[in-house]
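Participant: Next come the chains, spelled out residue by residue.
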Amino acid sequence: MENPFKQSGDALHRRAQEIRKKICVMNATAKSGHTGGDMSEADILAALYFHVLRYETDANRSVRWHDEFILSKGHGVGGLYACFAELGWLPDTELLTYLKDDSRLPGHPVRQKLPGWVTVNTGGLGHGLPIAAGLAMAKQRHAAQHQGATGRVFVLTGDGELEEGSNWEAAMAAAHFELSNLVVIVDRNRLQLADFTHNIMDLDPLDEKFRAFGFEVHDVNGNQSDAIWKLMESLDYDNRKPKVVIAHTIKGRGVSFMENVPAWHHKFPDEDQLQQALKELDHA
Amino acid sequence: MREYADLRDGAVSAIGRLTAAGQDIIVMVADSTSTSKIGAFMKDYPERVINVGIAEQNMVGMAAGLALGGHIVFTANAAPFLVGRANEQVKNDVCYSATNVKMLGLNAGVAYGPLASTHHAIDDISIMSGFGNVQIFAPCDEVEVAQMIDYAASFDGPVYIRLDNAKFPVVHDASYRFEPGRPDVLIEGSRVAVIALGSVVGEALDACEAVQKESGIAPTLVNLSSLRPLDQDALASIIERHDSVVTVEEHSLHGGIGATVALLMARRQIARPLKTLGITEGEFAHYGTRKGIRQHYGIDAAGIANAIRAQCAN
Chain A
1 MENPFKQSGD ALHRRAQEIR KKICVMNATA KSGHTGGDMS EADILAALYF HVLRYETDAN
61 RSVRWHDEFI LSKGHGVGGL YACFAELGWL PDTELLTYLK DDSRLPGHPV RQKLPGWVTV
121 NTGGLGHGLP IAAGLAMAKQ RHAAQHQGAT GRVFVLTGDG ELEEGSNWEA AMAAAHFELS
181 NLVVIVDRNR LQLADFTHNI MDLDPLDEKF RAFGFEVHDV NGNQSDAIWK LMESLDYDNR
241 KPKVVIAHTI KGRGVSFMEN VPAWHHKFPD EDQLQQALKE LDHA
Chain B
1 MREYADLRDG AVSAIGRLTA AGQDIIVMVA DSTSTSKIGA FMKDYPERVI NVGIAEQNMV
61 GMAAGLALGG HIVFTANAAP FLVGRANEQV KNDVCYSATN VKMLGLNAGV AYGPLASTHH
121 AIDDISIMSG FGNVQIFAPC DEVEVAQMID YAASFDGPVY IRLDNAKFPV VHDASYRFEP
181 GRPDVLIEGS RVAVIALGSV VGEALDACEA VQKESGIAPT LVNLSSLRPL DQDALASIIE
241 RHDSVVTVEE HSLHGGIGAT VALLMARRQI ARPLKTLGIT EGEFAHYGTR KGIRQHYGID
301 AAGIANAIRA QCAN
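Residue numbers (our numbering), protein chains in the order written: chain A, 1 to 284; chain B, 1 to 314.
Derived by calculation from the structure, the hints in this document are not laboratory data.
Take these hints with a grain of salt, some might be off.
[Unchecked claim] A short, non-exhaustive set of chain B residues, derived as facing chain A with CB atoms under 7 Å: (1) G39; (2) L66; (3) D93.
[Unchecked claim] Stretch-level coverage of chain B by chain A, calculated; a stretch enters the list once three of its residues show a Cβ under 8 Å from a Cβ in chain A: (4) 94-108; (5) 215-226.
[Claimed, not checked] Residues of chain A placed beyond 10 Å of chain B at every Cβ, according to the derived structure: (6) F5; (7) E68; (8) L99; (9) V120; (10) N121; (11) A133.
Only a predicted model underlies this, so the values are computations on that prediction, with no experimental measurement involved.
The beta carbon of each residue, even a glycine, is placed where N, CA and C say it ideally should be.
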């Protein structure tokens with residue numbers, strides 16, 4: 001099974017920019033949302049869903065996954081919904097129901113609302129990595145039992161989220177159980193709710209921490225979708241080592257007045273800002 | 001002479017039987033191989049037991065992931081560390097996400113008597129009941145636990161089963177069939193309905209027999225092993241046929257079966273004297289021998305018999 005799009009270059013970059021535009025419209029309409037983190041992850045989601053992840057969809061948009069994705073930073077769900085819309089799974093009009101009563105699009109992903117698309121209900125931080133480790137183990141067992149190709153599991157965590165201890169329990173286990181089909185992508189935008197991560201709880205040296213836990217560590221520009229899929233394609237998923245990709249990103253990426261501004265963690269664009277943002281995203 | 005057996009033996013042999021029959025079961029432990037008595041199963045199926053070390057949050061998170069990957073996953077570790085340390089993983093990754101994980105809460109109540117409150121789980125039923133989307137069972141003997149394991153494996157969704165490390169009297173014969181929701185009537189008696197939770201059903205049985213011996217009148221004894229689902233109509237109709245009620249649990253009186261029965265009686269306007277026996281609300285349990293602790297809270301056979309007598313005298 002392959003990725004049904006396999007897009008790259010400008011086509012893939014446009015996907016990321018369209019995801020960003022949808023995020024801005026969605027959050028402006030909802031007058032809420034985690035705009036900064038939604039924007040920083042857009043290129044990662046574009047690279048995964050439009051190039052890396054192996055899956056099949058049928059006419060009813062029911063998906064059969066060979067690889068799987070878990071959004072551990074559940075508050076970045078705006079980016080995920082925008083990505084689902086870019087995939088054609090959600091109509092753009094439905095994005096306008098984000099956070100509203102009876103919407104299928106609550107402020108953190110709920111698998112019962114979007115069955116088959118959302119893997120697991122995240123929102124509490126530090127949950128995605130242990131679940132991903134379990135799922136990666138299941139995929140290894142399944143492949144061994146059926147002598148088929150091993151599915152991979154990609155989990156996107158925030159960087160502030162790594163302050164949660166459960167991540168490190170899972171990191172230890174991922175190395176111990178040789179989960180080489182597990183890829184942890186850290187959205188390293190260096191900002192968390194209250195301030196820059198180094199002012200709150202310094203995570204550096206993050207690469208050495210993961211290396212000490214038995215991970216194979218890679219750095220990538222997390223706002224360059226081509227760089228992301230190229231790295232993912234270069235990895236050896238059979239080498240008995242779990243992977244971490246430290247994706248260096250800019251929070252609020254793509255819109256000049258949002259980039260690297262802590263307040264945009266949980267801020268939404270007003271009408272003027274929305275127009276400005278859409279213009280910038282069309283031209284970059 | 002009663003036969004006594006360890007609930008864990010019943011649970012582990014049932015898991016082995018299901019696996020032998022082709023069920024794709026994985027058992028996860030957090031360094032709790034001896035606590036869970038999983039050794040025999042591990043010998044037969046070493047690749048089906050995953051020990052994550054002393055890391056309960058990761059155990060439950062990985063269990064959810066393995067379940068998402070198609071396995072039937074049992075977690076087996078001490079109840080206090082399951083409901084305490086892994087609380088949010090139980091809530092989000094298992095219950096809320098509706099993953100197919102069966103959580104065995106080992107050595108619940110004051111099974112770890114002298115090890116004191118870090119190791120007691122007098123709040124597991126209360127905490128689990130606070131979560132949505134999880135079925136909650138407390139077996140009273142080896143026959144019942146095996147049937148619960150069968151049911152849990154066949155049911156697609158989260159289940160919590162309260163277990164223990166003591167040997168309990170076997171009160172069911174092989175013909176017993178566990179039905180989720182159904183209050184299990186062990187003695188069909190009169191006047192007082194005694195409703196007991198799992199680990200103290202044996203104590204309640206001794207108490208009922210003692211009272212019958214001295215008064216000639218047997219109280220009714222209900223083994224309330226299915227806490228969720230619970231057939232409220234069936235339980236209400238049992239209570240209505242009696243003059244008074246005694247509940248017994250090795251659990252805090254906050255959020256346990258006493259509270260469940262009281263709420264049911266209030267909702268249905270069933271006016272009967274109700275005596276709730278358990279660990280005093282708002283306190284950590286005393287530590288010491290289990291016998292001593294049970295005696296202190298009046299949840300041993302003598303204490304329960306006294307409560308029944310007091311209700312009869314009402």
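Participant: When the nearest CB of chain A is found for G39 of chain B, is that gap smaller than 7 Å?
Facilitator: 21 Å, violated
Participant: For the hint on L66 of chain B, just tell me whether its beta-carbon gets within less than 7 Å of chain A.
Facilitator: 4 Å, holds
Participant: Given as covered by chain A, does the region 94-108 of chain B meet the bar of three residues or more with CB within less than 8 Å?
Facilitator: Holds: 4 residues of the region 94-108 of chain B have a Cβ under 8 Å from chain A.
Participant: Beyond 10 Å on every Cβ pair: is that true for E68 of chain A relative to chain B?
Facilitator: At roughly 8 Å from the nearest Cβ of chain B, E68 of chain A sits no farther out than 10 Å, so the non-interface label is violated.
Participant: Go through the hint on D93 of chain B and say holds or violated, using the shortest Cβ distance to chain A against 7 Å.
Facilitator: Holds, about 6 Å.
Participant: Using Cβ atoms and 10 Å as the threshold, tell me whether N121 of chain A really stays out of contact range of chain B.
Facilitator: 4 Å, violated
Participant: Is V120 of chain A truly not at the interface, in the sense that its beta carbon sits beyond 10 Å from all beta carbons of chain B?
Facilitator: 5 Å, violated
Participant: Given that the region 215-226 of chain B was listed as covered by chain A, double-check it with a C-beta distance under 8 Å for 3 or more residues.
Facilitator: violated (count 0)
Participant: Can we trust that A133 of chain A is non-interface, i.e. its beta-carbon lies farther than 10 Å from all of chain B?
Facilitator: 5 Å, violated
Participant: Can we confirm that no CB of chain B comes within 10 Å of the CB of L99 of chain A?
Facilitator: 18 Å, holds
Participant: Is the nearest Cβ of chain B still more than 10 Å from the Cβ of F5 of chain A?
Facilitator: 24 Å, holds
When held up to the earlier numbered hints, the structure conflicts with 1, 5, 7, 9, 10, 11 and fits the remainder.
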